[in-house]
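Join the two chains, each given in its own frame, into one complex according to the hints.
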Amino acid sequence: GAVVSQHPSWVICKSGTSVKIECRSLDFQATTMFWYRQFPKQSLMLMATSNEGSKATYEQGVEKDKFLINHASLTLSTLTVTSAHPEDSSFYICSAKNIARGPGYEQYFGPGTRLTVT
Amino acid sequence: GQNIDQPTEMTATEGAIVQINCTYQTSGFNGLFWYQQHAGEAPTFLSYNVLDGLEEKGRFSSFLSRSKGYSYLLLKELQMKDSASYLCAFYQTGANNLFFGTGTRLTVIP
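Chains as they are written, first to last, in my numbering: chain A, 160 to 277; chain B, 31 to 140.
Calculated directly from the structure, the hints in this document are not laboratory data. We treat Cβ as the ideally placed atom computed from N, Cα and C, and that holds for glycine. Careful: at least some of the hints might be erroneous.
[Claimed, not checked] Below, a list of computed lysine-lysine pairs in the BS3-like style, where the Cα atoms sit at most 30 angstroms apart: (1) A:K200 x B:K87; (2) A:K200 x B:K106; (3) B:K111 x B:K87; (4) A:K200 x A:K225; (5) A:K179 x A:K223; (6) A:K179 x A:K200; (7) B:K98 x B:K87; (8) A:K179 x A:K225; (9) B:K111 x A:K200; (10) A:K173 x A:K225; (11) A:K214 x A:K225; (12) B:K98 x A:K200.
[Claimed, not checked] Pair by pair, the computed Cβ-Cβ distance ranges are: (13) B:Q122 x A:S174: 31 to 41 angstroms; (14) A:K223 x B:M110: 41 to 51 angstroms; (15) A:P167 x B:T38: 26 to 36 angstroms; (16) B:Q109 x A:H244: 34 to 44 angstroms.
This is chain B alone, in the form it adopts within the complex (with noise of 0.2 angstroms):
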């Protein structure tokens, strides 16, 4: 079978760090992907990650280590825009569709 785990809502403040983390079992893996969803939007991809590592890209950087099955979303300087709902995805071997967690919603506070 195929499972995301993400905690359901994160608080932070303006101006601050967050961590955002995604686990993932999987019986075959072909990537990770993390995408931003504000409140009545479609998705919006943010990073994409299929080897081991840190992958930074402005405030926002993305980590993944397959052997633990463990991936985080770091935001950096935070600001009120960033309260939205952050959905890690991955796509299996062989599968043509993201496999999506349901979402982890950022409130982030003045």
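Chain A extracted, bound-state conformation (with noise of 0.2 angstroms):
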């Protein structure tokens, strides 16, 4: 249990073009995901969380109009990175809670995606 996948693994885009990515928990519902950027040899940087049925809530620095974010249902999450830049290229990971076992148990992250921009 409490799988979670993101697709696309890995996307080349150019530069100006969008690009989306899909979180979901497979087996089980997740009232919030989450998405990191992970850059080489960094550890994971919160980009924004994610709430069923309202809008996701940004850290500091995020820009959300570029980063736009959306969870539709308690196991779909997509992050669309708007107007990519070569900047931008890093490895996207989602996580979720598993809104069963209540607050502080751990999340469950995603194989990640990595962006690639030309």
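Below, the structure written as structure tokens:
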């Protein structure tokens, strides 16, 4: 149990285009999903917290108009990188918390999406 | 504020024991986690400590001292596949997300 999937696992796009990344909890419901970004040899940096049925909460310094987050159901959140630029190239990882487990329990991570913008 | 300190890199020999330390500062605390992350992959859960003491799980053990803001991850009988980054993370009281340290990159050598 507690499997989180991401799609695509890697994507290459041209500068100026938009890319959508999906995050799904496969066998549990997640009212809250998190989007992280990780640059090489650095730790995970939280970008935003995605809440089902409401607007996402963005961390300081993250442009909400550039990184569009939609959490339409208890099992799906999407991150759209709009007008991508080479500096957006990174490893994007989502995670989810199982609402049945309550607060304070571990987050389950997706396998990540490697975005390369050329 | 909140902060986590971990050594950046460590090297250990196959079959040996290694201890990875983590110190943290936070205004409220609600549990400490250790995750393992292989290069290019997502983190995988290793352990969770909410009370003081040692939690043992096979070759991996994790220790917590809340009064000292200190935790360590102990890896025994090291294997080459244990070469990875080890991330220390905690929940602040009332927070919904984990705060991660920068991680310790462990290299296991023959």
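Hint check:
Between A:K200 and B:K87, the direct Cα distance comes to roughly 27 angstroms. Compliance with the 30 angstroms bound is thereby established for this hinted pair. Taken as a hint, the A:K200 and B:K106 pair is honoured in the structure, with Cα atoms around 25 angstroms apart against an allowance of 30 angstroms. Taking the CA atoms of B:K111 and B:K87, the gap is about 17 angstroms. The hint holds against a cut of 30 angstroms. In summary, the hint linking A:K200 to A:K225 is supported, as the alpha carbons are separated by about 24 angstroms, within the 30 angstroms threshold.
The straight-line distance between the Cα atoms of A:K179 and A:K223 is roughly 14 angstroms, inside the 30 angstroms bound, and the hint therefore holds. Distance hint between A:K179 and A:K200 is fulfilled; the C-alpha atoms sit about 24 angstroms from each other, no more than 30 angstroms. About 23 angstroms separates the Cα atoms of B:K98 and B:K87, which keeps this hinted pair within 30 angstroms; it holds. Note on A:K179 and A:K225: the hinted pairing holds, with a Cα-Cα distance of about 12 angstroms set against a maximum of 30 angstroms.
With a CA separation close to 18 angstroms, the supplied pair B:K111 and A:K200 stays within the 30 angstroms bound. Using a Cα cut-off of 30 angstroms, the hinted pair A:K173 and A:K225 holds, with the two alpha carbons roughly 16 angstroms apart. Proposed proximity of A:K214 and A:K225 is supported: the alpha carbons are some 14 angstroms apart, at most 30 angstroms. With a CA separation close to 28 angstroms, the supplied pair B:K98 and A:K200 stays within the 30 angstroms bound.
One distance hint, 31 to 41 angstroms for the beta-carbon pair B:Q122 and A:S174, holds here, with the actual separation near 37 angstroms. As the Cβ distance of A:K223 to B:M110 is approximately 43 angstroms, the hint placing it in 41 to 51 angstroms holds. The given range of 26 to 36 angstroms is respected by A:P167 and B:T38, whose C-beta atoms sit roughly 31 angstroms from each other. At roughly 41 angstroms, the beta-carbon separation of B:Q109 and A:H244 lies within the given 34 to 44 angstroms, and the hint holds.
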